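**Q** Sequence:
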Amino acid sequence: MPDKVALEGLEERWGQTWAEHGTYTFDRSRSREEVFSIDTPPPTVSGSLHVGHVFSYTHTDVVARFQRMRGREVFYPMGWDDNGLPTERRVQNYYGVRCDPSLPYVADFTPPHDGTDGKNVKPGDQVPVSRRNFIELCEQLTAQDEKQFEALWRYLGLSVDWSQTYQTIGTRAQKVAQVAFLRNLARGEAYQADAPGLWDVTFQTAVAQAELEARDYPGHFHEVAFHTSAGENVVIETTRPELLPACVALIAHPDDERYQALFGTTVTTPVFGVEIPVLAHPDAEKDKGSGIAMCCTFGDLTDVTWWRELNLPTRSVVGRDGRILADTPEWITTDSGRATYAELAGKTTFSARTAVVDALMASGDLLAEPKPTQRKANFYEKGDKPLEIVTSRQWYIRNGGREAPGRNLRGELLARGDELAFHPDFMGVRYANWVNGLNGDWLISRQRFFGVPIPLWYRLDEAGEPDLGDPIQPTEDQLPVDPSSQAPAGYTEDQRGVPGGFIGDLDIMDTWATSSLTPQIVAGWLEDEDLFGRIFPMDLRPQGQDIIRTWLFATVLRSHLEHGSLPWTDAAISGWILDPDRKKMSKSKGNVVTPMGLLEQHGSDAVRYWAASARLGTDAAFDPQRPTQMKIGRRLAIKVLNASKFALSFGGDEPVSLDGGAVTEPIDRAVLAALATVVDEATTALESYDHTRALEVTETFFWTFCDDYLELVKDRAYGREDAGLDPASVASARTTLGLVLDVVLRLLAPVLPFATEEVWCWWREGSVHRAPWPVSAPLREAAPDGDPHLLAAAGAALAALRKVKSEAKVSQKTRLSAAVVHAPEAEVALLPAVLADLRAVGGVDGELRFQVGDEHRAEGELLVEAE
RNA sequence: GGGCGAUUGGCUCAGUGGUAGAGCGCCUCGUUCACACCGAGGAGGUCACUGGUUCGAACCCAGUAUCGCCCA
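Going by the numbering used here, the first sequence opens with residue 1, and the numbers climb by one from there.
Each hint should be verified, as a subset may be incorrect.
Taking lysine-lysine pairs in the DSSO-like style, the calculated list, with each CA pair at most 30 Å apart, reads [stated by the list, open to error]:
#1 LYS385 / LYS645
#2 LYS286 / LYS347
#3 LYS371 / LYS288
#4 LYS371 / LYS385
#5 LYS147 / LYS119
#6 LYS147 / LYS4
#7 LYS119 / LYS286
#8 LYS645 / LYS813
#9 LYS714 / LYS813
#10 LYS347 / LYS382
#11 LYS122 / LYS631
#12 LYS385 / LYS4
#13 LYS147 / LYS122
#14 LYS286 / LYS147
#15 LYS288 / LYS376
#16 LYS347 / LYS371
#17 LYS645 / LYS631
#18 LYS4 / LYS119
#19 LYS286 / LYS382
#20 LYS803 / LYS813
#21 LYS4 / LYS639
Keep in mind that the hints were calculated from the coordinates and are not lab data.
Everything numeric in this text was worked out from a predicted model, so none of it was measured.
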């Protein structure tokens, strides 16, 4: 035991010891019932860790440590999400390169930069490199990032088994993702389709529903006249006049009286002179504009609904490059219409809009000056141009958003949501809302480079046209494959792209298509079925509420499709970190606090305390200027060190007794009885994922223990002569201190792993983190007649005696010649049992009496020492 | 517009039917022989608002307002 205790340096010292001793290493010999397995969120290594990560990962670690102490063998791996666009972007900027898949591989390539201090390298200055070179750089950079992340997690004290890490782009993840996809394909759960989809022109990729973001976007309402056969005007309002050549119908609400007569008739489009029907559909909004809308291929998602439900023709005019298609479409037949279209061809939608507006003005069909407006437009969450809707061939996985043949997939997935225990439970509603709101299957094709390739090839016929309907599939033992650089079995590389040969699918999968398989990746599916059987279905998925609709849902889906089960039984949803203005914390808000700085400043235990004092699902405020909770946590950790040192010191060099039979004094038994209740409450709370409640009852008890009990018995524990006590009562106090400490250290260990371990090593064997979680039975056995009320009564009496001195403005050490404590009747009956201790701590030289009174109050004669 | 959550002392939050709680901050005092990253004592709230249910509501019900998040 050190003379002077300190928190400084505990993180490094114990981090190293735990690593050397394999304290958190998973023992795979244990059976499924003995294992507690956690599907830890893999952080995006290319991003940076912020206080929100520290917050939510601490919640998980508290659970892990609790379960480990309860005797479960905890499977607690860490993954690194290095898949997808964030990595690509970071590599582009860090090394100043961009991927050009048409280039050959260059061995020993040296990139133009090696870190640019967060500054972006302009696309024009990026050196084009081959796909393989690009991916090598991705791997290099993520390896660096992983090291930094791991150092932070270790410093924070996460009890992760660091031999179990994985990468979402690693070979194993690729194999799992490709096998799962091929099995989806074999069961008819994956399919390809030409379908209208959201397309990001900048990134040249299809975008899934889950990646959408609706944002305000400035535009103009244009009042445009269509013409009936009788020569009357039908006026619509549109923000996208450039889609006029793609117009396939006018649509109004079926109940809208203004348009009843028009339903079933046709009108002609202005300028282009195309005859189109006027139709009714409930999605048309009566009070929006003129109440009748033009339906195009495709202006927005409502257009897609109408196209599908009203069986409208497909008349695309916008290409994947975001420009008007070059060839004049055959449905435009008038000479002037074809001439106008020819002027639009090749223009961006923006320029085309101006050209169409000019044409409308010339024809007199633009009835008013365009009115500025803010419209909602769909954006790719990482993009900055509104998405276009284009038709393309993409791969989908069924998710209940569209009817699945022969099954009620949506119903099955809703049932899985009910089966899953959400913490807090109301988070389950978000899952159900999302599943109920899905209106399409899951688009998984991505037109990017750094990701898991779709493992398929297509045969080319004699004309060089691909046979998309019957792809060539690898066998599972060949996986992972990259069809863009490997030839399928039975073909050679020189047949690539040649008539009679093959082409590879160039697309990669959506990152969620891999991340949704983290349980399978980490648990050894396909590779180590023995391990898989001991871990899967897993116990816990911790994550943020924002990705319930993506990660959580997709994981449930994949597990349901592949294994017919939930991937885990419980989902723990952490809240947000809010800044002092109660806004979601983000880097753009200029929060300069780095997690490592925070940990170094306050100590990891203190930061963990802050995190652990926020309940699951509840947002927590964090003001870097006033880290109140962290200071409280730090105070608690220091108190643990100091109070423990004090409590363990009374017996000198003698070993601390933990023999419950030695506890004889009523007040000592009262403390053990109170502690037994604390143990039960903390245990129940942690079992139901309520770590704040567990911390609260433990912490409250601990402060009472320090402020009242420890003060009350220290004279007795010292064994001082003037206390006039027999050796048994001294032993009783010392044993109680040992027993309490033994239990409290274990109760606090999940939240304060460093301070508790430090104290544990002074007097106990092994690690506190492998010690069994305390149970109340031995405490109740040692104190069968222990009455917690006595502890409360003694505390109140002590406070009353202190108040006498505090109000007299004298030192607490001032002695009293005699004193009377007034207390409720029930307490007066109890207090004589602790008379000697109260006299000692209160410094009462003469008589100390107890009297029935309405409130706690003491009076005493002060012996004021001569100054 | 829809869903979910929140609204309790200056601040951060507990408290699911029986006379308002904690910590921080504040005020007063003490203390360095476990702990100045300390101790003791104290002041401070008509529980967002309006109705309703009930003997009784911070808590249950209905509505309103404000804030946050997610989705349109």
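**Q** Are the hints correct? Go through all of them and say.
**A** Hints, one by one, checked against the model:
For the hint linking LYS385 to LYS645, the alpha-carbon distance of about 63 Å lies beyond 30 Å, and the restraint is violated. A threshold of 30 Å between alpha carbons decides the hint, and for LYS286 with LYS347 the separation of about 33 Å lies outside it, so the pair is violated. Proposed proximity of LYS371 and LYS288 is supported: the alpha carbons are some 14 Å apart, at most 30 Å. A C-alpha spacing of about 21 Å is found between LYS371 and LYS385, which places the hinted pair at or below 30 Å, so the restraint holds.
Only pairs whose Cα atoms come within 30 Å are accepted, and LYS147 paired with LYS119 is accepted, the gap being roughly 22 Å. Using a Cα cut-off of 30 Å, the hinted pair LYS147 and LYS4 is violated, with the two alpha carbons roughly 34 Å apart. Of the pairs offered as hints, the one joining LYS119 and LYS286 is violated, with about 49 Å between alpha carbons and a cut-off of 30 Å exceeded. Proposed proximity of LYS645 and LYS813 is supported: the alpha carbons are some 22 Å apart, at most 30 Å.
The straight-line distance between the Cα atoms of LYS714 and LYS813 is roughly 14 Å, inside the 30 Å bound, and the hint therefore holds. A distance of roughly 25 Å separates the Cα atoms of LYS347 and LYS382; the hinted pair therefore holds under the 30 Å criterion. For the hint pairing LYS122 with LYS631, the CA-to-CA distance comes to about 44 Å; that exceeds 30 Å, so the pair is violated. For a cut-off of 30 Å, the pair hint linking LYS385 to LYS4 is broken: about 61 Å separates their Cα positions.
About 28 Å separates the Cα atoms of LYS147 and LYS122, which keeps this hinted pair within 30 Å; it holds. At most 30 Å may separate the alpha-carbon atoms for a hinted pair to count; LYS286 and LYS147 exceed this at roughly 58 Å. As the CA atoms of LYS288 and LYS376 are separated by approximately 14 Å, the hinted pair is consistent with the 30 Å bound. About 23 Å separates the Cα atoms of LYS347 and LYS371, which keeps this hinted pair within 30 Å; it holds.
For the given pair, LYS645 sits about 21 Å from LYS631 by alpha-carbon distance, which is consistent with the 30 Å threshold. As the CA atoms of LYS4 and LYS119 are separated by approximately 47 Å, the hinted pair breaks the 30 Å bound. Only pairs whose Cα atoms come within 30 Å are accepted, and LYS286 paired with LYS382 is rejected, the gap being roughly 34 Å. For the suggested pair LYS803 and LYS813, the alpha carbons sit about 12 Å apart, so the restraint of at most 30 Å is met.
As the CA atoms of LYS4 and LYS639 are separated by approximately 13 Å, the hinted pair is consistent with the 30 Å bound.
Of the numbered hints stated above, those contradicted by the structure are hints 1, 2, 6, 7, 11, 12, 14, 18 and 19, listed in ascending order.
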